[in-house]
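Chemist: Sequence:
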Amino acid sequence: MADQHEVSIVRRPGRALSAEDGLGALLAAYHLRTEAEKGEPVADVDGLPDRYRTEISDPRTAFVDAVVLMAVSGSAAVGCLVVTAPADGRSEIKRLWTDPAFRGRGVASGLLRAALAQAAESGAGAVRLSVWKWRTGAIALYERFGFAVTTSWDERDQLVCMERAL
-3 MADQHEVSIV RRPGRALSAE DGLGALLAAY HLRTEAEKGE PVADVDGLPD
47 RYRTEISDPR TAFVDAVVLM AVSGSAAVGC LVVTAPADGR SEIKRLWTDP
97 AFRGRGVASG LLRAALAQAA ESGAGAVRLS VWKWRTGAIA LYERFGFAVT
147 TSWDERDQLV CMERAL
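In terms of our numbering, the sequence shown opens at residue -3 and continues consecutively.
By construction, these hints were calculated from the structure, which means they are not laboratory data. Be careful, since some hints might not be right.
What the hints assert, rightly or not - Using 27 Å as the maximum straight-line C-alpha spacing, the simulated DSSO-like pairs for lysine-lysine come out as follows:
| id | residue 1 | residue 2 |
| --- | --- | --- |
| 1 | K129 | K34 |
| 2 | K90 | K34 |
| 3 | K90 | K129 |
Stated by the list, open to error - Okay, the calculated beta carbon distance ranges per label pair:
| id | residue 1 | residue 2 | range |
| --- | --- | --- | --- |
| 4 | K34 | S4 | 30 to 38 Å |
| 5 | T147 | A72 | 34 to 42 Å |
| 6 | T30 | V145 | 17 to 25 Å |
| 7 | T132 | D54 | 18 to 26 Å |
| 8 | D150 | G85 | 34 to 42 Å |
| 9 | S126 | G102 | 17 to 25 Å |
| 10 | G100 | G70 | 15 to 23 Å |
| 11 | G85 | S148 | 16 to 24 Å |
| 12 | C157 | P45 | 30 to 38 Å |
| 13 | A136 | A72 | 21 to 29 Å |
Each residue gets a CB set at the ideal place from its N, CA and C atoms; glycine is no exception.
Make a model of the complete structure from these sequences and hints.
Modeler: Here it is as structure tokens:
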């Protein structure tokens, strides 16, 4: 059994996901926190938009063509990140989340390194992502990994779009 302080990154193809592997809880925390930060807090998962509830309850369907990277400590899922299959030469990173109890331990950096490797292996020439402008720590992390702000492909207000070549 792994030491509780050791975190490893595991790669799961979307079609091999299970709602029981801890991913659902991570996605629920991510979406609930995001809605609260947007000023639209909801009490629980039932108050989330349908598409987010589907990710939480049925990640296999929601991410069928993607790869989900999970950070695991012992048997507990402590972080996640979704890498889409390349489209037009680009993969997209979505849903980067680290359990607050594991922040500051390099979990997000490990997930990002694995995501960039996954995208390169899948033939992508670039990786893009979007992040809410108030998540300054995440933006700084992405910049350290070579991402730069680019023209937005998403019309939602306060969303920053970033990209980097592989």
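Chemist: Does each hint fit the structure? Answer for all of them.
Modeler: Hints and how they fare:
1. K129 / K34: holds (11 Å)
2. K90 / K34: holds (17 Å)
3. K90 / K129: Since the Cα atoms of K90 and K129 sit roughly 15 Å apart, the hinted pair holds (cutoff 27 Å).
4. K34 / S4: 30 to 38 Å: holds (32 Å)
5. T147 / A72: 34 to 42 Å: holds (39 Å)
6. T30 / V145: 17 to 25 Å: This hint holds: roughly 20 Å between Cβ atoms.
7. T132 / D54: 18 to 26 Å: violated (32 Å)
8. D150 / G85: 34 to 42 Å: Given range 34 to 42 Å: violated, Cβ gap about 18 Å.
9. S126 / G102: 17 to 25 Å: Since the Cβ atoms of S126 and G102 sit about 23 Å apart, the hinted range of 17 to 25 Å holds.
10. G100 / G70: 15 to 23 Å: holds (18 Å)
11. G85 / S148: 16 to 24 Å: holds (19 Å)
12. C157 / P45: 30 to 38 Å: violated (21 Å)
13. A136 / A72: 21 to 29 Å: holds (27 Å)
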